[in-house]
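Throw the hints in and build the complete structure from the sequences for me.
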Amino acid sequence: MLELINLSYQTEDGKVILKDVNLQIDDRFVAITGPNGSGKSTLAKLIAGIYMPTSGKILLDGEDITEKSITERAKCGVSFAFQQPVRFKGITVKDLISLAAGTKISVSEACKYLSEVGLCAKDYINREADESLSGGELKRIEIAMINARGTKLSVFDEPEAGIDLWSFQNLIQVFRGMHERTHGTILIISHQERILDIADKIVVIAGGTVAAYGEKSEILPELLNAQAGCRFTKEVRV
Amino acid sequence: MIDSVQKRLLSEVADLHEVPQGAYSLRINGNLYGKNDSENISIVAKEDKPGIDIYIKPGTKKESLHIPVLLSQTGLKELVYNDFHIGEDCDVTIVAGCGIHNSGDGESEHSGIHSFFVGKNARVKYVEKHYGEGDGNGKNVMNPTTVAHLEEGSYLEMETTQIKGVDSTRRATRATLKSGATLIVKEKIMTHGNQFAETDFAVDLDGEDCGTHVISRSVARDQSRQTFLSRVKGNNRCNGHTECDAIIMDDAQVTALPQIEANHVEAALIHEAAIGKIAGEQLIKLMTLGLTEKEAEAEIINGFLR
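Those sequence lines, one after another, are chains A and B. For the first sequence, the numbering used here begins at 1 and goes up steadily by one. For the second sequence, the numbering used here begins at 239 and goes up steadily by one.
Don't take every hint at face value.
Stated by the list, open to error - Part of the chain B face toward chain A, derived, beta carbon under 10 Å:
| hint | residue |
| --- | --- |
| 1 | 483 |
| 2 | 527 |
| 3 | 528 |
| 4 | 534 |
| 5 | 543 |
As the list claims (entries may be wrong) - Derived DSSO-like pairs: lysine-lysine, alpha-carbon spacing no greater than 27 Å straight-line:
| hint | chain 1 | residue 1 | chain 2 | residue 2 |
| --- | --- | --- | --- | --- |
| 6 | A | 68 | B | 515 |
| 7 | B | 426 | B | 363 |
| 8 | A | 122 | B | 424 |
| 9 | A | 75 | B | 532 |
| 10 | B | 377 | B | 300 |
| 11 | B | 363 | A | 89 |
| 12 | B | 515 | B | 532 |
| 13 | A | 15 | A | 57 |
| 14 | A | 45 | A | 75 |
| 15 | B | 402 | A | 89 |
| 16 | B | 532 | A | 152 |
| 17 | B | 377 | B | 416 |
| 18 | B | 424 | A | 89 |
| 19 | B | 315 | B | 284 |
| 20 | B | 532 | A | 68 |
| 21 | A | 45 | A | 68 |
| 22 | B | 358 | B | 377 |
| 23 | B | 300 | B | 416 |
| 24 | A | 104 | B | 426 |
| 25 | A | 104 | B | 402 |
| 26 | B | 532 | A | 104 |
| 27 | A | 89 | B | 284 |
| 28 | B | 532 | B | 426 |
| 29 | A | 89 | B | 426 |
| 30 | A | 45 | B | 515 |
| 31 | B | 284 | B | 295 |
| 32 | B | 532 | A | 45 |
| 33 | A | 89 | A | 45 |
| 34 | B | 315 | B | 377 |
| 35 | B | 315 | B | 299 |
| 36 | A | 45 | A | 19 |
| 37 | A | 89 | B | 532 |
| 38 | B | 284 | B | 273 |
For the record, the hints were derived by calculation from the structure and aren't laboratory data. This structure is a prediction, so every number in the text was calculated from the model and none was measured. Note that beta-carbon positions come from the ideal geometry of N, C-alpha and C, so glycine has one too.
The following block contains the structure:
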């Protein structure tokens, strides 16, 4: 279980991005949504240890990981998929999946992780994760790396960003599959209704704090009620 | 007998554990230690100066030749001339390399001048590794010069690596290409401490439809200095591409001077040069996989120089 207790973050120049975020996340698939600039990506980076909170605590299965580095958190069981996947010259797709798995993996194991994200392994396994791969291909490889890690918490920062419509259809299938197979918690930041629709629970972040958190059946209809405007984000903005 | 130091050098520069099979020439401490001809490859020691002439018969396919040089005696300086005469329609691999073990205070230096005469439609892969080590204060210096003449339709691929232990190097490569010839150069350099490396390419694309790719990847650490110069001249309808990509670390200095010159309206020439530190997001990505910052840095550099 991931617990965020009074978690706050402000930038060096004093701008408050997140204020007193309190959440307990224990379901298989939880989506975080909210307006642009509401602090969602910052929240994901605080969980991964890329940013350190100004105050508050982060607990993973009861263990306080607030002060732990990125590496230590990764070892504790936190995985993080970037919104913009990183490219590497000379490092192959197989190398990356091996590094993620923490051991030299066989070709057939690499194939398993790549086929789960809809990539034909033989076309990709020895390719360099560099400029020659498209954004959509890299996104899938990023997801394959998270699957290879198999940690108790996997955080995805807007996996749909920069993906074309055709790839997006496939991405939905990939996440549906992950929802079925996961033994941990998938925490996914998204604006997409179809991704939110896979979630068990939805968190709405607005104005740097939790505007709503509950079952999908309760939250999603309200978010989609565009004409009236979303009750959750309105309340916070007032 | 080859001693244990020399064996280690041999394995570093040529991936060999013993004197090689097939055609080879092994030079140790300034003398020709041994050589072997094959049916198609003959090696002849030069009489007027140090070095060898290598003759590869036309039509020789799938053969390889090893010509490692080892220096384990401190303070030894040598200049060697090796000429490769590669017949028409050959398809061969040449593995060269120089290993220096300097355990004294004298400066050890190996400078090789390699001339390639690549016959019509021949294909040559040339692999060269430079490696230095030692526990003394003496410097390891290597100044290789390569001159390549590519006949019509020929192909030369040069893969050169200098990763460790060479204090100073000035590497010059000159090439002229006739019609339909192709030259591919892949260079990898890492410098550390107070090392200095300069690499200087000049390629003349003389023939119609000839082409070259010159690709240099380097890592400069500590207080080391590197200079990359490359001049590609398009004198006919041709394609030329030169690329220098460097990672800079610590207090190192890197200079890149790519130069392209078109003397024909259908010469298509491109140069690219990039110098930068390791991207923070690359380190963070690998750290989110559980690597420490040092481990992440090593993976990025190893991949970059692979």
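Hint check:
1. 483: Constraint on residue 483(B) satisfied, holds at 7 Å.
2. 527: holds (5 Å)
3. 528: holds (4 Å)
4. 534: Since the shortest Cβ distance to chain A is 8 Å, the answer is holds.
5. 543: Status holds, d = 7 Å.
6. 68(A) x 515(B): Holds, at about 26 Å.
7. 426(B) x 363(B): Holds - the C-alpha atoms of residue 363(B) and residue 426(B) are around 16 Å apart, at most 27 Å.
8. 122(A) x 424(B): holds (26 Å)
9. 75(A) x 532(B): Cα-Cα ~16 Å, so holds.
10. 377(B) x 300(B): violated (38 Å)
11. 363(B) x 89(A): holds (23 Å)
12. 515(B) x 532(B): Between residue 515(B) and residue 532(B) the Cα gap is close to 14 Å, so the pair holds against 27 Å.
13. 15(A) x 57(A): holds (20 Å)
14. 45(A) x 75(A): Within the cut-off at roughly 16 Å; holds.
15. 402(B) x 89(A): holds (21 Å)
16. 532(B) x 152(A): holds (25 Å)
17. 377(B) x 416(B): violated (40 Å)
18. 424(B) x 89(A): holds (14 Å)
19. 315(B) x 284(B): OK: residue 315(B) and residue 284(B) at ~18 Å, within 27 Å.
20. 532(B) x 68(A): Within the cut-off at roughly 17 Å; holds.
21. 45(A) x 68(A): Holds, because 13 Å separates the two Cα atoms, which is no more than 27 Å.
22. 358(B) x 377(B): Violated: residue 358(B) and residue 377(B) sit about 41 Å apart, past 27 Å.
23. 300(B) x 416(B): holds (24 Å)
24. 104(A) x 426(B): holds (25 Å)
25. 104(A) x 402(B): holds (26 Å)
26. 532(B) x 104(A): Status holds; Cα separation ~19 Å.
27. 89(A) x 284(B): Since the Cα atoms of residue 89(A) and residue 284(B) sit roughly 43 Å apart, the hinted pair is violated (cutoff 27 Å).
28. 532(B) x 426(B): It holds: about 21 Å lies between the C-alpha atoms, which stays within 27 Å.
29. 89(A) x 426(B): At roughly 13 Å apart (the allowed maximum being 27 Å), residue 426(B) and residue 89(A) satisfy the hint.
30. 45(A) x 515(B): holds (23 Å)
31. 284(B) x 295(B): Distance ~19 Å between residue 284(B) and residue 295(B) Cα, so the pair holds.
32. 532(B) x 45(A): holds (21 Å)
33. 89(A) x 45(A): holds (25 Å)
34. 315(B) x 377(B): holds (11 Å)
35. 315(B) x 299(B): Distance ~36 Å between residue 315(B) and residue 299(B) Cα, so the pair is violated.
36. 45(A) x 19(A): With a Cα-Cα distance of about 15 Å, the restraint between residue 45(A) and residue 19(A) holds, given a limit of 27 Å.
37. 89(A) x 532(B): Measuring from Cα to Cα gives roughly 18 Å; hence the hint holds.
38. 284(B) x 273(B): holds (13 Å)
Hint compliance for this structure: hints 10, 17, 22, 27 and 35 are broken, all remaining hints hold.
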